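Hints in hand, dock the two standalone chains.
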Amino acid sequence: MNVEQVFREERGRLLATLVKRFGDLDLAEEVTSDAIEAALRHWPVDGVPDRPGAWLLTTARRKAVDRLRRDQVYAARLALLQVEVSRADAPVTGSLPDERLELFFTCAHPALPAEDRGALILRCLAGFTTPEVARAYLVPVATMQQRIVRAKKKIREARIPFRVPDADELPERLPGVLQAVYSIFTEGYAAQRVDLAGEAIRLARILRGLLPSEREVAGLLALMLLVHARRDARDELLEDQDRALWDSDMITEGSALAETALTGGHGPYGVQAAINALHDEAPDFASTDWPQIVALYEVLLRLTPSPVIALNRAAAIAMRDGAAAGLALLDELVDEPKLRDYHPYRAARADLLHRLGRGAEAAQAYREAIALAGTESEQDFLRRRLTAVEQQS
Amino acid sequence: MKYMLLIYAASDQQASCTVADWIAYEKEMRDAGVLVSGHSLADLVTATTVQVGQDGRRTVTDGPFAETREVLGGYEVIDVPDLDAALGWAAKCPGSRDGGAVVVRPIAEFDF
Chain A
1 MNVEQVFREE RGRLLATLVK RFGDLDLAEE VTSDAIEAAL RHWPVDGVPD
51 RPGAWLLTTA RRKAVDRLRR DQVYAARLAL LQVEVSRADA PVTGSLPDER
101 LELFFTCAHP ALPAEDRGAL ILRCLAGFTT PEVARAYLVP VATMQQRIVR
151 AKKKIREARI PFRVPDADEL PERLPGVLQA VYSIFTEGYA AQRVDLAGEA
201 IRLARILRGL LPSEREVAGL LALMLLVHAR RDARDELLED QDRALWDSDM
251 ITEGSALAET ALTGGHGPYG VQAAINALHD EAPDFASTDW PQIVALYEVL
301 LRLTPSPVIA LNRAAAIAMR DGAAAGLALL DELVDEPKLR DYHPYRAARA
351 DLLHRLGRGA EAAQAYREAI ALAGTESEQD FLRRRLTAVE QQS
Chain B
1 MKYMLLIYAA SDQQASCTVA DWIAYEKEMR DAGVLVSGHS LADLVTATTV
51 QVGQDGRRTV TDGPFAETRE VLGGYEVIDV PDLDAALGWA AKCPGSRDGG
101 AVVVRPIAEF DF
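Just so you know, the protein sequences line up as chains A and B, in that order.
Under the UniProt record's numbering, the residue at position 181 of the first sequence is numbered 181, and the numbers go up by one with no gaps.
Under the UniProt record's numbering, the residue at position 54 of the second sequence is numbered 54, and the numbers go up by one with no gaps.
Calculated from the structure, these hints are not laboratory results.
Misleading hints may appear alongside valid ones.
To give an idea of the chain A side of the interface with chain B (calculated C-beta under 10 Å), a few residues [claimed, not checked]:
(1) Glu157
(2) Arg163
(3) Glu169
Values in this document were obtained by computation on a predicted structure and should not be read as measured data.
The beta-carbon is built from N, C-alpha and C at its ideal position, and this holds for glycine as well.
Looking at chain B on its own, in the form it has when it is part of the complex (with noise of 0.2 Å):
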């Protein structure tokens, strides 16, 4: 079963971990087989938004810019057994330590 691990690093904290780590922790993921794909996001202010409205008119604005303290910083899309396996990783992610957070969010299956 499929899982996203979506990482929310605090815009305000100081982050101890290193590249190191995040290095490592995808090796890790690698090494053990659960890794489908992951990538870290580039910074925030770089963030462009697009809607279409019912005119089918598109709307391009700069932003969103953070409102909340913590921000959406990267993801990894892991194939594990369970909920707990899943959690399991998250727990070992370096985006979770310091005040930051992985919100771990199961991948819909359909049955086509």
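Looking at chain A on its own, in the form it has when it is part of the complex (with noise of 0.2 Å):
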């Protein structure tokens, strides 16, 4: 681990605390970059001091102080925030206190852009710098750049506050915040980004230490935790995977979670949790246990009803009782206007037609699903599905 990845935990920490003082991120996200700039060349020469945070700290509020004794605009624009900037004067007592839950309500917050959401979570909270943000995104740097600063406006002029919503608002607000962390998750995932997958689960980790006892966070580590394990395979189709690549530890630690996320209750993000759970466990694809699997969907639909989530109940009633059931469900859902362009629901019914005999409505499902699909690798991957059916019919 480089130093600049050490920083990469202290910078989150540092700029929520910042932001906390100063009620200005881009103040606080200035002065963490000095303050960081400053360690880098410090460090290595006078050697780390006794507790690296307090000095940062320190550090961020002098760099602070100077940047607003220079720029008396900025200072009467702070003013005007009613920040108390005789604060960053005070010597650091005691330990950091950890305000980054503050942080990620702030970046998931619902009057922002859902799409800016995430990316203002890998920036603030995961260290990221804007061209990292905008790889992770597939999106050019400048458009990344503008989608922040108009975001950062927004916290800046609109005051989106700061602040852990009180309990009766949390419920309400959670969700937004979860869904963001797993936005990350997915993003990395639709494109083969390991590493963002990777940061999604890191995000996770510090929330799950900042709300214990929330069910959903742990619900959301699991998830990600109990998919994530299955990495190294996931080129092949769950049926067809090689389960010995399938990473142990993190099903261990992914199932543990799980029953923590569905004790006492159950949320979306703890069910699907105990979906994966279950293929995890699973010895192989046959021996998984199919009607605990379908009666898992049967309560997800009820929790958060989409024909997404009735897809994937029927493929697994198609385990459970057969092809000929999978279809005659999957025909149900024909008409639903969220499925029409959803490829996985073409390649569900062309693998079920193959499983049942029919290899030309099955082909035909192939092609149908390889002209919805929206990356390479998801249609070299049904390309070949449509070859194996070819040669067989």
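Next comes the structure, spelled out in structure tokens:
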């Protein structure tokens, strides 16, 4: 682990503390970078201080005071935000409080565009630079720069607060934070950027530490671990994967967390984690506990009704009761607008048709799926399936 | 910080909220000390538009009429600490229910 990586974790903590003090994200980001630069200069020469966090905070505060002395207009604007700049001079005592939870809630605030929330979390809490965030989302740096500037402008000018919602608001606001972290994970998966998925897991670990009693936080972390455990085998369909390639430590950790997540109640992440735990713990595809998976999909469908979950339930029923039963359920979903352009729906139909020996129809369904698939690797995968079906029929 | 709550009622909606609901809402805001000002607007058919051209001549036209489903029916200006507080008051507004919507706009602050 290099010095920059050590600071990734430190950066988020420091930034959160400074945002809380100054009430201004821009100033906090600027002096966080300044303080880390100073550390990179001084520590290799003078040695790492006894309390690195306190050293960074003191340095950052000093930089902020300098900045505000130099720039009176900026200082006036901050005064307008009723900031106690004087506190920046006070010495740091005791251990640094962890104020990252506030920052999570600000970055994932419902008043910000949904597609920017993950980007802000990567930038503020995972310590990504803007070019790194741009690479993560496969957009030009200038575009990402613009999106981040606009989001920060809204945080500042509409005064989106840096605070953890009260207990009565929390149930309404927490899903937004979890969704933003999960979107980072799925983004990493769609384009096979495994490091991004690992980053999402790291962020969920931080959240779990901050909100240890929220079972959906445990559920989200469990879900991501249990899916990520299969990363080295994921070029194949679940049924064809070499289970020896699965990460057994991750499965053990994820399964334990899934159990925690479903103790005393259940939410959508916990239920999805449990489904993945059943897959991960099965010795092979055929002996997976399909009745239990069908039951969990039914719970999930009640919690968050969606045609995509109905599709997954149908696929599980095909395993429990046979392909014909699954296909009948899939055909009931044919008019769902959300599934019309959703290639996994076509691919699932193709698979069941193939299993029923209806080769020509299966090939046609695979062709429809290929036409709808978004990424190169998805198309390649479906083409291989199509070729296999064509050779057999 | 001041925010304007722009209250849009769905024009085709039969509002289930009553005058008493609105009075209670304004009273709650007044009691909390957040209300700066607020009014409801007369029916849209009474609206008149004025524009002054580059030549200084003014044009007065009848309207506008509702082109969209929702019509600005009133506003409140409130003074609260942050957006979350403003969103809280918007959610309590009777105009946010039954297909209506409340748009929360921060009032621009300039440093003179």
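Identify every previously stated hint that the structure contradicts and give their numbers, smallest first.
-> Of the numbered hints given earlier, the structure breaks none, since each of them holds.
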